[in-house]
Amino acid sequence: MDTVLGIDLPTWWFLLIGALISGYGILDGFDLGAGALHLFFRKEESRRIALNAIGPVWDGNEVWLVIGAGSLFAAFPLVYGTLLSVFYLPFMLFLVAIILRAISIEFRSKETMKWWRQLWDVSFCVSSILISLLLGLILGNLIQGIPLDANHRFVGRLRDFFNPYALLVSVTVLSLFMMHGAMYLIMKTEDRIFARLTIIANNSSKFFILCFMATSMATLIYIPHMIAIFKNYPELFVLPIAAVLIVLNIRRSIEKRQYRRGFVSSSITTALLLILFAMGLYPNLVLSNVDPKGHISIYEAASSDASLRTMLLFAFIGMPLVATYTVFVFWTFRGKVKLEENSY
Amino acid sequence: MDNVELLSRIQFAFTIAFHYIYPPLSIGLGVCLVAMEGLYLKTSNKVYEELTRFWVRIFALIFGIGVATGIVMEFEFGTNWAVYSRYVGDIFGSALAAEGIFAFALESAFLGILLFGWNKVSPRVHFTATILVALGSIFSALWIVVANSWQQTPSGYRIEGKGMKARAIVTNFWDMVFNPSSIERYSHVLIGALLAGSFLVLSVSAWYILKKQYLAHAQAAFRIALWVAAVSSLAQLFTGHQSAEVVTKYQPAKLAAMEGHFDKLSPADMYIMGWVDAKQQKTTGLKIPGGLSFLVHQDFKAPIPGLNSIKPEDRPTAVNFVFQSYHLMVTIGMMLIALSLFGLFMLYRKKLFETRWLMIVFVFSVLLPQIANQVGWYTAEVGRQPWVVYGLLRTSTALSEAVKAEHVLASLLLFTFIYVMLFGLFLYLLNKKIQHGPDVIDSDQEEPSSRMNPSFSPLIRD
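Same order as they appear, the protein sequences are chains E and S. The working numbering numbers the first residue of the first sequence as 1 and each following residue consecutively. The working numbering numbers the first residue of the second sequence as 1001 and each following residue consecutively.
I should point out that these hints are in silico values taken from the structure, not numbers from a laboratory. Predicted, not measured: the structure shown is a model, and the values here were computed from it. Hints may contain errors.
[Claimed, not checked] Using 30 Å as the maximum straight-line C-alpha spacing, the simulated DSBU-like pairs for lysine-lysine come out as follows:
{"no.": "1", "chain 1": "S", "residue 1": "K1433", "chain 2": "E", "residue 2": "K43"}
{"no.": "2", "chain 1": "E", "residue 1": "K110", "chain 2": "S", "residue 2": "K1311"}
{"no.": "3", "chain 1": "S", "residue 1": "K1432", "chain 2": "E", "residue 2": "K338"}
{"no.": "4", "chain 1": "E", "residue 1": "K231", "chain 2": "E", "residue 2": "K110"}
{"no.": "5", "chain 1": "E", "residue 1": "K43", "chain 2": "S", "residue 2": "K1432"}
[As the list claims (entries may be wrong)] To give a feel for the contact side, a few chain E residues facing chain S, derived at Cβ under 10 Å:
{"no.": "6", "residue": "M217"}
{"no.": "7", "residue": "T310"}
{"no.": "8", "residue": "G318"}
Don't be surprised by glycine CBs; every beta carbon is placed ideally from N, CA and C.
Turn these sequences into a full structure, and let the hints steer you where they fit.
Pasting the structure below:
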């Protein structure tokens, strides 16, 4: 099999897509979280500051979703088609929420009427929450595996997706994003909204830790295949331990009022949780919970070596570029938010 | 056609038609913005700065809706067309991924600087951001059109596997990218976008001129956009002809549908306008006998294969629809050339901005490139049916197996609701921004207020 630097091409793409999804979780995670917290800010000025804290970057953050989905399409077309069609309605709701959220941000500042702003504030908040919950719902079902027969045909029903474990993961993702968003907003704000956010960060981190513990327990008890890898490679157990330490570090950072450190920690938490999920999957991309033959492995789903190799070259050229723009934009808009004529 | 297929096709057509209003506008507007801001940096004239800021706000509105509706398209390939996704992932997926990494990332990142960076970065860096956003949208169109063109004229691939497991594999990446129709179709689409953007600027500026508001701004913008429009509309004649040649060579069924030509092998007429009765296999209308034959072979008698020379199951069914779409596009193309050249002539005669009726025509002209872009797209897409990948994969087999008709119906209703609301809000906010006009920053310069009598302003020469 074709390899690059000793790693086969499908594995490269498994890693790259994992990195893209983690990047999406970290970047859009904080602006989705900021959106989910939006209605906690009561004053018009606070809401504007919160919105302008993500204003110049949220669109760039969403790029990671577009590239991630595009890469999944290109590298593992079988998985792309199967997953998106199996989760048809959740994805359709997700898309509608993405549209609503984008236009809420764009439209809110265009009129000064109270009802107008209230309407888009609610729409912004609800769509942010909905997106987080749907991402969690899909993730929760992927962790458990979905009903695919030996030919990868879907043999389940829509309502099976709404099982307790998936709902738990769903709420956990929301709580993670809310905490992450609070930490980001704290770094970007001062005065009244800052004071309010310190309380929100404190509460949301407690809420997250509760969800994190519940999900970890449920996974240990009900989803044995996700932890099977540690039986073969016990040294990898360092990762879940790291995750626990980092999560505890978030609490410590909040108590010591070191929010930058807290934000970095919640970013790492997002990545680590996705890495743990990926380790449980590899070398599969989709697990079937009715027939092991229904698992879709990266080798079965992969595009041709020629295509994967060309795209890997594109990724090596393109990813540093994307990272550079991202850093440049965040650096340009560094520091606390000040409202001005161009603000939302 | 079963319900899932019908509904999925309606949903795809509807969501892409709606999406296709916005990216061409942002591409064309992006180029106009680069010209405006470039002139500002060159001349330090406040009018150009105010103009740039005004159009950036409109650009933001259009761009935002374009992005939000574009993400829908990316996901729909997987949700509604899973078999298609698997079949073409190797090829179409790579082009889509390349679009994301090389184009979309560029425009989205620098859009933040364009919108909010006025006081954060130097004017030069801001101008660079404007150029990068414009370039990003141009590259974005490139990859999307490449991906679509591969479906029209596949090359650089081989087929692996059989039946439902069959898929297309890239054998030569650059042959796939530069497939026989890529360049021709891309230039045609790109110029269509320049027309969409420039005619928006023309329309809004003409409206201000009629209302005698912001005259300095409106006339400056009008001149810029008129040049873009004139050059583009003439160039469109050329790229249109090239696209037609590609269709002639690679998609004979589409060409035959475009001209309503049924006879197996006979000279074909060219219609100025007409009506196709597909049942009777008869086309009537105003025509140049043998015109198509002449255009293709420079010979009025040269035979062109008609629809009857193609297997019944491989013919496009909506022949009249393709015919009308195509002819409407061509007619509008001619109108745009006439309008922009006449505009330039009147500018040269220094009568352009005083000719009221012409300004009124320009106000409404914004609809023309929009209609032409839409019907041009219909011609290309409906004309290649029943194939989703020409000659390789039928639309009817490209569907997702896991999806039920009622789910597609539900999502279609949801999208219809959201898009109708979105379009209403878009028009409302666009109108509001136009009513509000450019913000005049400097009030004690040589031009006290742009609302004042234009004869006081040294900027107005015509």
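Here is how each hint holds up against the structure:
Between K1433/S and K43/E the CA atoms are separated by roughly 26 Å; this keeps the pair inside 30 Å, and the hint holds. Simply put, K110/E and K1311/S have alpha-carbon atoms about 55 Å apart, too far for the 30 Å limit, and the pair is violated. With a C-alpha separation of about 26 Å, the suggested pair K1432/S and K338/E falls inside the 30 Å cut-off, and the hint holds. Proposed proximity of K231/E and K110/E is contradicted: the alpha carbons are some 57 Å apart, above 30 Å.
Between the alpha carbons of K43/E and K1432/S the distance comes to roughly 26 Å, so the proposed pair stays at or under 30 Å and holds. Taking 10 Å as the C-beta contact cut-off toward chain S, the hint placing M217/E at the interface is violated, the least distance being around 32 Å. Annotation: T310/E was flagged as interfacial toward chain S, and the flag holds, the nearest CB pair being 5 Å apart, inside 10 Å. A cut of 10 Å between beta carbons decides the hint on G318/E: the least distance to chain S is about 4 Å, and the hint holds.
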